[in-house]
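Undergrad: Chain by chain, the residues:
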Amino acid sequence: MTRHFSFRRIWAVLVKEFIQMRRDRLTLGLILGVPLMQLLLFGFAINNDPKHLPAAVTIADPGPFADSIVAALRNSDYFDIVEATNDPQAARRLLAEDKVSFVVEIPVNFSRDLVRGAQPQLLVEADATDPASSSNAVGAIAQIAGEALRDDLTGPLAVRAQSAAPFTTVIHRLYNPEIITQYNIVPGLLGIILTMTMVLMTSMALTRERERGTYENLLAMPVTPVEIMIGKISPNIVVGLIQAAIVLVAARFIFGVPMIGSLGLLFAITGLFIAANLAVGYTFSTIAQNQLQAMQMMVFFLLPAILLSGFAFPFRGMPVWAQWIGEALPVTHFLRVVRGILLKGNGPAEIWVDVWPLFVFLFAVGTVALLRFRRTLD
Amino acid sequence: MAGELAIDVHGLTKRFGSKVAVNGIDIQVPQGQVWGFLGPNGSGKTTTIRMLCGLLRADEGNGTCLGYDFRTESERIKRQVGYMTQKFSFWEDLSIRENLQFVARLYGIRRARKVVDETIEQIGLSKRQSQLAGELSGGWKQRLALAACMLHDPKLLLLDEPTAGVDPKARRDFWDEIHRLSGQGLTVLVSTHYMDEAERCDRIVYINLGDIITSGTVAEVIEQSGLHTFVIEGDGARNMAGKLKGKPGVEFVAFFGAALHVSGRDRNALEAALRPHIDDASLSVHESRPSLEDVFIQLQEKGRGDYA
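These protein sequences, in sequence, are chains W and S.
Going by our numbering, the residue at position 143 of the first sequence is 143; the numbering climbs one at a time, nothing skipped.
Going by our numbering, the residue at position 250 of the second sequence is 250; the numbering climbs one at a time, nothing skipped.
Just so you know, these hints were derived from the structure itself, not from any lab.
Careful: at least some of the hints might be erroneous.
As the list claims (entries may be wrong) - Among chain W residues calculated to face chain S with C-beta under 10 Å, some are: (1) E216; (2) T224; (3) Q293; (4) D378.
Claimed, not checked - Chain W is nowhere near these chain S residues, computed Cβ spacing over 12 Å in every case: (5) M51; (6) T85; (7) G108; (8) A148; (9) D160; (10) G249.
To be verified - What follows is a set of in silico ranges between Cβ atoms, one per label pair, in the way DEER data are often shown: (11) F359(W) / E75(S): 57 to 65 Å; (12) Q182(W) / R111(S): 31 to 39 Å; (13) Q131(S) / A250(W): 18 to 26 Å; (14) H179(S) / F267(W): 57 to 65 Å; (15) F7(W) / A269(S): 25 to 33 Å.
Ideal Cβ placement from N, Cα and C applies to all residues, glycine included.
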């Protein structure tokens, strides 16, 4: 009589599973690698109170007060003054190109009004496309500037320091004045959705042929690797553009995301971004032995795309090493382009800083894919 | 031109890591002939065929396939070779017509539509042309695969166990087609495990563990084996296998249906081994010409001996 429960049989199954697990190196690597990666990313890279945000100051009224404010901003953890100018146009351009997150403007007659007790305005323009990344810093500006001036307002001016506010801080939240989170998330989702689906679809491209045995037949016929790659990638570009259209229609009509810039330009860059992701997927498919492995590789690529691109967490809140990884991902640049075009109304000149990395990425990964492609079954 | 070689390779060698899959073999197949490629599983048949059509890079060896250097001009060879894989390797999620259209486009066949129409008509799938290839039975899949391989009118056909898992009638039809094509000047190299198929080849090449063991016409191969075979029939035949196995002179015993074939190269020793049983009333013993299968069993037994 067979018993219904046998430790020996359980042991047999258990041993078999361990052996198979050990043989499947990729899965094992992912099982061990993913938690480590998440731990590092969540533990170190993600910071919802970003410090050292790049800022520019435009000083229309130079003088000791301006110097004090700039010095105090410099000394604070929140800001890194990367540019001091007296040209408001140039400062605005820096915001559009995403080179600074803030512009602090000390207007004409700031010193005179301060001394007179006329409560001059300290103007702050903040890039509010990603509200989360700037809110704490915005709150800090008034206090930092106030404390800086308190030290200057001595002697006969001490009376000004004692008044509640010797100046007022006026904050313009540019590009997203109502701080609507969807304005940031929805365009960001476009990049994430495309990354996920495009990499997934092409990573299956060759593995499916290999699994079904049709790869051998394909290789036996007179068709070149480039022809196969272009033939397999192109239909997915169309699919990706349709996806993009769906997301953008939803963004406009369901979430009311503003679309200030050129949609034609956005679609052109989206096409480029899709091609870059397809190249990644295609590279995966030259490496993966089967569709499951291709899927695992996709997950491995998607994780940093979500966490390190500035989608889920403020890019400038990440440590430098994490930012470097982020800069190497196409989705990081694409997010900046999408937000730039939709919310800031950026044109080709402003987005170029984030477009050329996409070209470089596409070229580099496409080359790898073709080099990896084997004409033989060796 | 008659007498010209469609395949002419020397010293063909392929290693996978430290394992030698094909060990410096020479093959010369004249145009218009049908050559059978035989040998046990893992003997190097598929590897050889893949090297000939450029799917695997040969580690050593030189020569030509259809007049092109098989190592450097595989792209040209591919245009004139039809290769049928062991496993059905057309797209199961495409219809019969779509598969043929795809192949026709890849080869840049002119008036592809007409060629595809004719091919579908020829293989008798007109009514099912929009059915998915994956839904076809084994025999039909094989017909489709052969038709697809022939679509671009190749000069050389490489068939890797084309009839594995196909019923006897379909196998017969398949070989009739092969002979018809070879009559039109097509050269065919076909690997198989079936003796009746091997016997339909102009010449056969038997390889084991990457080496050519024997080759020639069927008669030559049997002759070269130096084998003598006695056939034992009758009610008692079933019990004789165990009794004769291992006796001096008996190299191997094998059943062919109900008859037992007892074979060895030393005819006298073989006779001596059989003598005690010759008067057994339940047996009838007579000498026979060894069949091709007897020869292959011997070759395989020998190969195993070498290996051990």
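Undergrad: State for each hint whether it applies.
TA: We went through each hint and held it up to the structure:
{"no.": "1", "hint": "E216", "result": "holds, 5 Å"}
{"no.": "2", "hint": "T224", "result": "holds, 8 Å"}
{"no.": "3", "hint": "Q293", "result": "violated, 21 Å"}
{"no.": "4", "hint": "D378", "result": "holds, 6 Å"}
{"no.": "5", "hint": "M51", "result": "violated, 9 Å"}
{"no.": "6", "hint": "T85", "result": "violated, 5 Å"}
{"no.": "7", "hint": "G108", "result": "violated, 8 Å"}
{"no.": "8", "hint": "A148", "result": "violated, 9 Å"}
{"no.": "9", "hint": "D160", "result": "violated, 10 Å"}
{"no.": "10", "hint": "G249", "result": "holds, 46 Å"}
{"no.": "11", "hint": "F359(W) / E75(S): 57 to 65 Å", "result": "violated, 31 Å"}
{"no.": "12", "hint": "Q182(W) / R111(S): 31 to 39 Å", "result": "violated, 57 Å"}
{"no.": "13", "hint": "Q131(S) / A250(W): 18 to 26 Å", "result": "violated, 40 Å"}
{"no.": "14", "hint": "H179(S) / F267(W): 57 to 65 Å", "result": "holds, 59 Å"}
{"no.": "15", "hint": "F7(W) / A269(S): 25 to 33 Å", "result": "violated, 57 Å"}
Consistency note: the structure conflicts with the earlier hints numbered 3, 5, 6, 7, 8, 9, 11, 12, 13, 15.
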